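Visitor: Residue numbers (the working numbering), protein chains in the order written: chain X, 1 to 112; chain W, 1 to 111.
Hints were generated in silico from the structure; no laboratory data involved. Be aware that one or more of the hints could be misleading.
Stated by the list, open to error - With the Cβ distance kept under 7 Å, some of the chain X side facing chain W (calculated, not the full set):
no., residue
1, 42
2, 43
3, 50
4, 63
5, 65
To be verified - To give an idea of the interface, some chain W residues facing chain X are shown, with a C-beta separation under 7 Å as derived from the structure:
no., residue
6, 43
7, 44
8, 46
9, 53
10, 95
11, 97
12, 98
13, 101
14, 104
Note that this is a predicted model, so its numbers are computed, not measured. Backbone N, C-alpha and C define an ideal beta-carbon position, used for all residues, glycine too.
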Amino acid sequence: GAGVSQSPSNKVTEKGKDVELRCDPISGHTALYWYRQSLGQGLEFLIYFQGNSAPDKSGLPSDRFSAERTGGSVSTLTIQRTQQEDSAVYLCASSQNAYEQYFGPGTRLTVT
Amino acid sequence: RKEVEQDPGPFNVPEGATVAFNCTYSNSASQSFFWYRQDCRKEPKLLMSVYSSGNEDGRFTAQLNRASQYISLLIRDSKLSDSATYLCVVREASGTYKYIFGTGTRLKVLA
Chain X
1 GAGVSQSPSN KVTEKGKDVE LRCDPISGHT ALYWYRQSLG QGLEFLIYFQ GNSAPDKSGL
61 PSDRFSAERT GGSVSTLTIQ RTQQEDSAVY LCASSQNAYE QYFGPGTRLT VT
Chain W
1 RKEVEQDPGP FNVPEGATVA FNCTYSNSAS QSFFWYRQDC RKEPKLLMSV YSSGNEDGRF
61 TAQLNRASQY ISLLIRDSKL SDSATYLCVV REASGTYKYI FGTGTRLKVL A
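Take the sequences, apply the hints, and build the full model.
Guide: Okay, here's the thing in structure tokens:
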């Protein structure tokens, strides 16, 4: 079946521009996560959505970052006024039962 | 102190060797524990969960020591295809679905 998909796969943007990253989770998965991974680093938790509960935004690094999940399915991560330190791979994952997380291929963001 | 700590390696081992990785976590209320594998420039994938009694899956054995707050992964009879980064993952606590990833331990199995 279809796995987690993310778009775009690569994004190059100029410093100061806004970007939107999209995640399509596996159908029926109630939990959705966003992480970012800088070169040679581990995964940094950003935010997660679980069903209809309020999202846990505790990992968002600044108020330039926001995310929403519409209809319990697709999610969009928005970064406003991008900075060079935002350059990273942004990974989305979904989960059915708070057990295994299935990751998408990621969006590689480069801020020039 | 990081919430989940791992030796970054790299561990370079010959084919057929046995290799062990450890991971420590800081939150004693942590509930669930996992090992994920990440190949170069790929997304992480679940390798195995870690149960309190220890568990085995083929050549892989995972152990949990709650008293000392560490988790281990043992790989026996290493294969070239085991070369990857192994991520230790901890679910924060009951009532949350937040997972904390370690920075990973890099393994290279040499022919």
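Visitor: Could you run down the list of hints and mark each one as holding or not?
Guide: Hints versus structure:
Interface hint status for residue 42/X: upheld, as the beta-carbon distance to the closest one in chain W is roughly 3 Å, under 7 Å. Interface hint status for residue 43/X: upheld, as the beta-carbon distance to the closest one in chain W is roughly 4 Å, under 7 Å. The restraint placing residue 50/X at the interface with chain W holds, with a minimum CB-CB distance near 5 Å, inside the 7 Å limit. Taking 7 Å as the C-beta contact cut-off toward chain W, the hint placing residue 63/X at the interface is violated, the least distance being around 20 Å.
Using the Cβ-Cβ criterion of 7 Å, the hint placing residue 65/X at the interface with chain W is not satisfied: the shortest such distance is roughly 16 Å. Hint on residue 43/W holds. Least Cβ distance to chain X is approximately 4 Å, under the 7 Å limit. The closest approach between the C-beta of residue 44/W and any C-beta of chain X is roughly 5 Å, which is under the 7 Å cut-off, so the hint is satisfied. The restraint placing residue 46/W at the interface with chain X holds, with a minimum CB-CB distance near 5 Å, inside the 7 Å limit.
Annotation: interface hint on residue 53/W violated; nearest CB of chain X at approximately 17 Å, more than 7 Å. Checking residue 95/W against chain X: minimum C-beta separation of about 10 Å lies over 7 Å; hint violated. A cut of 7 Å between beta carbons decides the hint on residue 97/W: the least distance to chain X is about 5 Å, and the hint holds. Evaluation of the residue 98/W hint against chain X yields a held restraint, the C-beta minimum of about 6 Å falling below 7 Å.
The closest approach between the C-beta of residue 101/W and any C-beta of chain X is roughly 4 Å, which is under the 7 Å cut-off, so the hint is satisfied. Restraint check, residue 104/W versus chain X: the minimum CB separation of about 6 Å is within 7 Å; hint holds.
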